[in-house]
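All chains, full assembly: derive it from the sequences and hints.
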Amino acid sequence: MSEQANSQEVTRALQDRALAWPDLLKLMREPKASTRFDETIAVMQAAVTWKESILLPLGENLFIVNKKGRAIIKTTAGAELCAWNENWKMQCRVIVRRSRKDLEKVFPVEHLTIDSALVELREWICPLSGTLLDVDCVPPTYPVEIDFTPDLKAFYEDWLGRELPVKL
Amino acid sequence: MATPKRRTPVGKNWIALDAGGTMTDAVVVDAQGQFLVGKFLTNKQNESISFLGAIKDAAATVGGTLRDTLSASEVVVYAGTIMLNTLLSRTGAKVGLMVTQGFEDYLLMEKGEGGWISYPYADRLHTVTHHHAEPTIPRNRVVGVQERLDMFGTLVIPLRVKDVQQKTRELLEAGAESIAVMFLFSHMNPLHEQAAAKIIRKIDKNIPIVLSSAMAPTHKEYTRLASVVAQAYAGERARKHFLQVEARAREEGFNREVSTLLAHGGTVPISTPRLYESYVSGPVGGVLGGHYVGEVIGSGNVVCCDIGGTSFDVGIIRDGLIPIIREPTLLSFRTNIPMIDTKSIGAGMGSELGVHPLTGKLTVGPMSAGSDVGRCLRWPKTTITDCHILLGYLNPKYFLGGDVQLDLDAAIKALEPMAKNFNVETFEFAERAHRLVCDYMREFLVNMLRGRGYEISDYVMMMYGGGGPLGLTDVVEGLEFKDVVTFPFAAVFSAFGVLCAPRRYRYHQSIIAASPAADEAPQRHVKGLAIESINNAWAQLEKRAEDDFKLHGWDFRDAKLSRSAYVRFTNQLSDFEVLWLGERLSSLADLTSLMQRFEAVYTTIYPSQALYSEVGYQILEVALTADIVTPKPKIPELALQGRKPNSAAEKGTRKVYWRGKRQEFRVYEMDPLTAGNVINGPAIIEHPATTMLIPPGHHCELDKRRLIHYRSGQK
Numbered sequence: 045m046s047e048q049a050n051s052q053e054v055t056r057a058l059q060d061r062a063l064a065w066p067d068l069l070k071l072m073r074e075p076k077a078s079t080r081f082d083e084t085i086a087v088m089q090a091a092v093t094w095k096e097s098i099l100l101p102l103g104e105n106l107f108i109v110n111k112k113g114r115a116i117i118k119t120t121a122g123a124e125l126c127a128w129n130e131n132w133k134m135q136c137r138v139i140v141r142r143s144r145k146d147l148e149k150v151f152p153v154e155h156l157t158i159d160s161a162l163v164e165l166r167e168w169i170c171p172l173s174g175t176l177l178d179v180d181c182v183p184p185t186y187p188v189e190i191d192f193t194p195d196l197k198a199f200y201e202d203w204l205g206r207e208l209p210v211k212l
Numbered sequence: 029m030a031t032p033k034r035r036t037p038v039g040k041n042w043i044a045l046d047a048g049g050t051m052t053d054a055v056v057v058d059a060q061g062q063f064l065v066g067k068f069l070t071n072k073q074n075e076s077i078s079f080l081g082a083i084k085d086a087a088a089t090v091g092g093t094l095r096d097t098l099s100a101s102e103v104v105v106y107a108g109t110i111m112l113n114t115l116l117s118r119t120g121a122k123v124g125l126m127v128t129q130g131f132e133d134y135l136l137m138e139k140g141e142g143g144w145i146s147y148p149y150a151d152r153l154h155t156v157t158h159h160h161a162e163p164t165i166p167r168n169r170v171v172g173v174q175e176r177l178d179m180f181g182t183l184v185i186p187l188r189v190k191d192v193q194q195k196t197r198e199l200l201e202a203g204a205e206s207i208a209v210m211f212l213f214s215h216m217n218p219l220h221e222q223a224a225a226k227i228i229r230k231i232d233k234n235i236p237i238v239l240s241s242a243m244a245p246t247h248k249e250y251t252r253l254a255s256v257v258a259q260a261y262a263g264e265r266a267r268k269h270f271l272q273v274e275a276r277a278r279e280e281g282f283n284r285e286v287s288t289l290l291a292h293g294g295t296v297p298i299s300t301p302r303l304y305e306s307y308v309s310g311p312v313g314g315v316l317g318g319h320y321v322g323e324v325i326g327s328g329n330v331v332c333c334d335i336g337g338t339s340f341d342v343g344i345i346r347d348g349l350i351p352i353i354r355e356p357t358l359l360s361f362r363t364n365i366p367m368i369d370t371k372s373i374g375a376g377m378g379s380e381l382g383v384h385p386l387t388g389k390l391t392v393g394p395m396s397a398g399s400d401v402g403r404c405l406r407w408p409k410t411t412i413t414d415c416h417i418l419l420g421y422l423n424p425k426y427f428l429g430g431d432v433q434l435d436l437d438a439a440i441k442a443l444e445p446m447a448k449n450f451n452v453e454t455f456e457f458a459e460r461a462h463r464l465v466c467d468y469m470r471e472f473l474v475n476m477l478r479g480r481g482y483e484i485s486d487y488v489m490m491m492y493g494g495g496g497p498l499g500l501t502d503v504v505e506g507l508e509f510k511d512v513v514t515f516p517f518a519a520v521f522s523a524f525g526v527l528c529a530p531r532r533y534r535y536h537q538s539i540i541a542a543s544p545a546a547d548e549a550p551q552r553h554v555k556g557l558a559i560e561s562i563n564n565a566w567a568q569l570e571k572r573a574e575d576d577f578k579l580h581g582w583d584f585r586d587a588k589l590s591r592s593a594y595v596r597f598t599n600q601l602s603d604f605e606v607l608w609l610g611e612r613l614s615s616l617a618d619l620t621s622l623m624q625r626f627e628a629v630y631t632t633i634y635p636s637q638a639l640y641s642e643v644g645y646q647i648l649e650v651a652l653t654a655d656i657v658t659p660k661p662k663i664p665e666l667a668l669q670g671r672k673p674n675s676a677a678e679k680g681t682r683k684v685y686w687r688g689k690r691q692e693f694r695v696y697e698m699d700p701l702t703a704g705n706v707i708n709g710p711a712i713i714e715h716p717a718t719t720m721l722i723p724p725g726h727h728c729e730l731d732k733r734r735l736i737h738y739r740s741g742q743k
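Just so you know, the sequences run in chain order Y and X.
Using the working numbering, the letters of the first sequence map in sequence onto residues 45 to 212.
Using the working numbering, the letters of the second sequence map in sequence onto residues 29 to 743.
Any given hint could be a false lead.
What the hints assert, rightly or not - With a Cα cut of at most 30 Å, we get these calculated DSBU-like pairs of lysine-lysine:
id	chain 1	residue 1	chain 2	residue 2
1	Y	Lys70	X	Lys389
2	X	Lys441	Y	Lys70
3	Y	Lys70	X	Lys448
4	X	Lys371	Y	Lys70
5	Y	Lys133	Y	Lys111
6	X	Lys190	X	Lys122
7	Y	Lys197	Y	Lys76
8	Y	Lys70	X	Lys72
9	Y	Lys70	X	Lys409
10	Y	Lys76	X	Lys84
11	Y	Lys70	X	Lys84
12	Y	Lys76	X	Lys448
13	X	Lys409	Y	Lys76
14	X	Lys84	X	Lys660
15	X	Lys268	X	Lys660
16	X	Lys441	Y	Lys76
Said to hold, decoys possible - Computed, partial: chain X to chain Y, Cβ under 10 Å:
id	residue
17	Pro148
18	Ala150
19	Asp151
20	His154
21	Thr157
22	Pro385
23	Met395
Simulated from the structure, these hints should not be mistaken for lab results.
Every residue, glycine too, gets a C-beta built ideally from N, C-alpha and C.
This is the structure:
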């Protein structure tokens, strides 16, 4: 029991980036603990105010959650963006930086090596809280794409070996 | 090997302490060569506590006191972790570093390997585990000054005095408490470093200055830099800790200087100017002990094996020469401290057992339980020791002489599910686990020997460490060593070895010299220059030795000097140390003879077809050792007492699982065994700190010095 509680503490510290380097190194050297996924979810669940249970994190402030038996994408602040397999960026606020002047607002000038004629920055913002969810650096006219859509069913059934708690 | 009824030591004692990460071992040897052994938990915050504690523990075994023992002591050698701890705890001095302009980031670059060099192989492959520690000298205390010498030490750009003055002030303003100076190619010519030191001295009269050319003038800039940093950063702090230890020893009646062990196996008083060389990693003591015992029994070829709880360490002595490596690593640094060469693997008698999550195979180590032993005591994971308890190799009621009770049931409970996982019986599983760890050690040992082209039958194997006598039989299985020797005091052999160390300094100096193959006038000229530069370098090193001797008040005329040169075939990468028995090279014939000696060394490692004399030779480094011959602890010769052990040694029998079945093994106590005794297997010899296993079909014999020879067959 105490070992379990300890393991949860380690995962919390890992999630909070509070692990000292020697502990982190030890963790990396060990085989992945089978309890780590559930512990990570528990830490994430404790950090949000809403009740829907998290199925899988998509980013630091972005989760696939179980909303009344359906999988949807939700932000930490509580904005419900779309279904789990849809393009959540389409539901975000966005800041597009196209000119050098715009870019200089986020880059120190001496480090600004990207050419505003070739690429633009798109900052995807949570519509509820204004939290930055993701950044794309793409050529202008590039379509709005998300990084990936996880295979939720395979992850739960084949990897975790348990039933997926939502209907897809 | 304290026998129960031993007198209080009389006359002059010799004391050696070997402070490990867990325990500090003390060995006290009196004038008659009698041993007392003590142990104390290492106190890293204040090593004087464990220092005195271990000696007190040793004295107490014969009812003596700390004060009596210390006041009757001639020599105390402390091989500790002080240097390492100073570096690890990052409590060193605030060093300012002055380098050649343009090389200010050298330290940060860590030779491209500092992020993983201290890692085991698996972690080296996984870049996520690579890690750069905070630099010992922050970048704002590293300054560059304009100057340049070329690789021959010739002046290219003169030292810019203004630079030195201004940068020195900057360093002082940044809070530097000492200044290390390290210029390119200063090992060939110390001119600029010495000039810089004078300028710094004018600005600050007291600040300690460390020059790379004065400390370790060998080629390879980074290793030299790392050594300079180690000395400047940790050297003086470490000396303070050493002085604390010495002060406490004096309070308890000791009235001489405490000495410490240097990495190359010499001992020097702690007033030595280059204390960074006392950074000792690994089982240096054991190799020194093996070398000494080898001399006593007349064998120049010795394989020194140390089985501890966590690791298995091997050092190979060939032709009486202790192997030296010149670029050992010190934490994340690669330094140029000459160090006794030992190699280790993370498998020992306390190694954890596990099941690999992907392959499903049994894994051993590299984690170990240390002093927590295993599930049978208080470690959460199953270890090899748990197997030993179950198999009957160890007596759970006689661990550390009965001071610690081990729990057989807990060991069984831990092993049963693992055995089930592999579909074997629990006993069989335990035996296989033991044999697996011993297989790892044997493979490692054999690779080391055969990989260097050595013949196993030329070597005497010496096995020690707490787990040595237990692992011995499986580790040497099938290997035809000339002799296999272990010791009643195997558990503290490393501390004993420290006592065998000579008082010695060792110096290295880079040179550029070549001995071409042809013998026409131009080549003879080059050879003449080579002779000159080798002789000059030796003379320089002798001067350094003389200065160090003066510092300790030793007479340099008593010094036993040993000169050597590192020779390689032109443009090959490996060079080898070649001893020169004379004082100087006095003729071309001498140089030729040195090269012939090199080829003799070369052909002990490579086949003679690999000789490449046609390309000539290069000599890029020379070395000098300066010894004072000091008495060594005696291993007394005793009268042989006959083969049959006396009845005091007999402790009955116990069931031991050996090669698939439980068998009766006779049990003996180690200390009452006397010279000449023969123990035929199956038998177990118990000692508070170690246990020896003698399987059926083997025996061991105690010779006139009570060294234990392990042999096959019965006698």
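(request) Check each numbered hint against the structure and report the violated ones by number, ascending. (result) When the structure is compared with the hints, numbers 10, 11 turn out to be violated.
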